[in-house]
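Chemist: Listed below are the residues making up each chain.
There are 2 protein chains.
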Amino acid sequence: MEFKKLMPYREALTLLLNDVTEIQDVEHVPLDEALNRVLAQDIISEFDVPPFDRSAVDGYAVRAEDTFQAREYSPIELKVIEEVPAGESPKMKVTSGTAIKVLTGAKIPEGANAVIMQEMVKREGEKIYVLRPVAPGQNVAFKGEDVKKGEVILRKGTILRPQDLAMLKALGIKSVPVKRKPRVGIIITGSELVEEPSEDAFEEGKIVETNSIMLKSLVHKFFGEPILYGVIPDEEDKIREAIKKAKRECDLVLVTGGSAFGDKDYAHRFVKLLFHGTTIKPGRPIGYGERVFIMSGYPVAVFAQFHLFVKHALAKMVGARDYEVKLRAILEDDVPSQLGRHEFVKVLYRDGKAKVIKKKGSGIISSLVESNAYLEVPEDSEGYRRGEEVWITLY
Amino acid sequence: MEFKKLMPYREALTLLLNDVTEIQDVEHVPLDEALNRVLAQDIISEFDVPPFDRSAVDGYAVRAEDTFQAREYSPIELKVIEEVPAGESPKMKVTSGTAIKVLTGAKIPEGANAVIMQEMVKREGEKIYVLRPVAPGQNVAFKGEDVKKGEVILRKGTILRPQDLAMLKALGIKSVPVKRKPRVGIIITGSELVEEPSEDAFEEGKIVETNSIMLKSLVHKFFGEPILYGVIPDEEDKIREAIKKAKRECDLVLVTGGSAFGDKDYAHRFVKLLFHGTTIKPGRPIGYGERVFIMSGYPVAVFAQFHLFVKHALAKMVGARDYEVKLRAILEDDVPSQLGRHEFVKVLYRDGKAKVIKKKGSGIISSLVESNAYLEVPEDSEGYRRGEEVWITLY
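Order-wise, the sequence lines are chains F and P.
Numbering of the first sequence is given in full-length UniProt numbering, commencing with residue 1 and proceeding in unit increments.
Numbering of the second sequence is given in full-length UniProt numbering, commencing with residue 1 and proceeding in unit increments.
Treat each hint with caution, since some may be false.
As the list claims (entries may be wrong) - Simulated crosslink set (DSBU-like; lysine-lysine; CA at most 35 Å straight-line):
id, chain 1, residue 1, chain 2, residue 2
1, P, Lys-316, F, Lys-359
2, F, Lys-148, P, Lys-360
3, P, Lys-353, P, Lys-316
4, P, Lys-156, P, Lys-127
5, F, Lys-143, P, Lys-353
6, P, Lys-360, F, Lys-127
7, P, Lys-316, P, Lys-359
8, P, Lys-238, F, Lys-122
9, P, Lys-316, P, Lys-244
10, P, Lys-93, F, Lys-355
11, F, Lys-326, F, Lys-358
12, F, Lys-316, F, Lys-156
13, P, Lys-122, F, Lys-272
14, P, Lys-156, P, Lys-247
15, P, Lys-5, F, Lys-122
I should point out that these hints are in silico values taken from the structure, not numbers from a laboratory.
The task is simple: from the sequences and hints, build the whole structure.
Modeler: This is the structure we're talking about:
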């Protein structure tokens with residue numbers, strides 16, 4: 001038996017994304033643990049940063065106009081009328097011909113509009129000599145120039161990076177609202193699978209099981225908490241039970257093996273599928289329904305199915321934005337493609353160029369190891385020519 | 001006092017990378033814990049994968065030539081002379097007019113050169129009817145087509161990804177040789193720093209300390225194990241002691257604050273620096289020597305210094321290859337740049353275009369939050385024009 005009809009990729013993806021819902025649970029985690037987590041709410045600043053105009057350096061607050069005529073050979077003399085100690089605010093006002101000594105972070109005194117770095121003046125007693133003009137605003141950090149009160153500074157769906165954590169700290173946020181990680185059950189099926197290679201295993205036609213470590217790491221990378229349900233032999237009851245248990249315990253379930261229609265491909269029989277069989281290549285027999293993906297057994301097909309479907313489902317579940325890097329690259333090889341297929345072409349991106357990894361075959365893990373990105377060729381395209389510029393997605 | 005002379009960026013980077021040495025310690029970690037770790041040795045396969053020509057499907061092993069005339073309206077009849085049970089090898093030889101039933105993974109019988117998927121034939125008793133021709137090699141996974149015995153399949157310096165772990169598992173490697181993570185001490189200095197924002201703190205000219213969480217996450221991202229040595233006030237003895245302790249305990253030390261020549265910038269006095277003051281902007285006052293970086297206090301300067309110097313040092317320490325994503329983007333804005341400065345320009349990359357984040361100022365964390373990549377403008381360039389295509393590096 002074969003698939004009667006393959007569903008176009010975009011149609012299947014739409015069905016999937018309409019079926020998957022965003023997780024509503026919010027966890028509050030310490031800043032220290034928030035790296036790479038997905039923000040569950042907009043973060044709005046409750047104050048201006050900086051809270052007032054302040055000095056960005058140790059130096060002298062002045063009226064910039066007073067310095068416009070300053071030259072090395074004819075310095076301008078200003079009188080220092082106050083020295084603001086660390087942790088205090090200026091009490092005096094700067095008027096023409098005067099300066100106030102301030103430290104980094106201090107409020108800019110009234111009347112001043114610039115700060116001269118202390119290294120830039122000659123000090124003699126109560127006087128300073130300014131050798132070069134300063135512009136209005138120089139060395140002043142203006143009120144709200146970093147963040148304005150009420151501004152949305154980090155948006156829901158942001159995948160938190162080092163600089164985002166620094167910003168959260170600056171805003172006084174100690175406990176960060178992030179999406180709960182989707183629990184993703186991983187069920188590996190197949191009586192032909194063994195845990196490690198050996199002569200005997202090879203003679204018996206066994207295959208080393210590699211999907212669990214790959215899917216576990218991919219789920220981890222794309223916001224999920226992987227939960228392994230072991231390697232299940234091709235026995236109808238055991239597979240049914242494993243799927244039932246995983247569905248109960250997880251937000252999403254990935255079953256590898258059993259997506260085709262062989263005598264022992266059971267998995268797809270226990271789930272009401274929204275689609276089964278799509279135009280993607282490799283990975284055509286993928287099925288999905290009731291929060292369960294029925295995937296191939298071959299690692300390369302599983303990898304393509306993950307990137308073309310599962311990744312997008314996980315991103316929707318946590319509401320993640322900007323979870324892919326897409327870029328333009330010049331093809332170094334022709335990419336012929338079959339009409340009617342949505343091809344997942346593995347490429348090696350480097351220095352603006354994409355080299356096509358020509359090893360074919362859904363079992364050829366080395367083709368994944370040698371590549372770092374993929375090119376998608378939709379159903380209505382016969383492919384691309386060497387030298388063409390195409391969009392690729394890094395992985 | 002000012003810097004007498006700024007060292008060109010490339011010269012400083014070369015001094016740094018000549019000084020930093022690769023860590024020789026190798027840790028053997030379980031596959032499960034090897035994601036994102038850096039491979040310490042080449043991985044060479046001890047066997048061919050697959051170990052012999054084997055069937056990629058459940059079906060019938062045949063001589064492809066026998067099927068060339070097969071048509072739906074005039075099927076070819078073949079005699080099934082053996083059915084190889086799961087876990088056994090074929091005993092018979094395929095000759096003209098015969099076929100052997102094989103399961104996925106089984107050895108290809110002698111004489112056969114292709115496998116017909118079982119869904120593609122009509123079976124009647126001991127006979128099958130072939131409706132379409134198969135090509136030589138079809139549905140055969142050839143010996144060594146994935147990995148050849150003796151081949152270097154993963155190179156030293158690889159940052160391990162999900163598919164690499166799958167490959168290691170296929171090769172029977174349970175314990176992965178990776179570089180020990182460099183221990184990176186982080187010392188934050190500055191009496192003006194507080195842990196959280198408050199009205200009082202602002203009035204006193206205090207600044208919320210954000211470098212520790214940012215550097216900790218950056219070190220984590222770039223292969224290191226961050227070790228925090230707390231926030232040290234601007235007191236000569238305490239800073240000297242902290243640097244001494246961190247140097248003893250760590251492979252690399254990052255000290256923020258105190259890189260300039262203010263009265264209270266002590267840090268640079270305790271280390272024999274290879275360079276101090278470079279052409280980078282922001283972040284000019286960076287110093288390095290004796291495995292210690294003396295960095296700015298301002299978050300944006302620290303961030304730039306990390307990407308322009310520290311990141312490359314860490315990558316060298318673990319021997320990591322391909323640790324940056326560099327891509328071409330069309331500039332959406334002019335980028336004027338000062339001759340003699342190596343500028344670190346923050347951009348927002350999206351859909352092939354780079355928008356320049358115009359907020360200036362080394363304290364403006366929001367400029368980092370709004371960007372996701374940087375453009376470097378070297379000393380001899382006056383900048384780029386809107387519409388030009390430039391290289392950027394993602395962060």
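Chemist: Of the hints given before, which are not true for this structure?
Modeler: 4, 10
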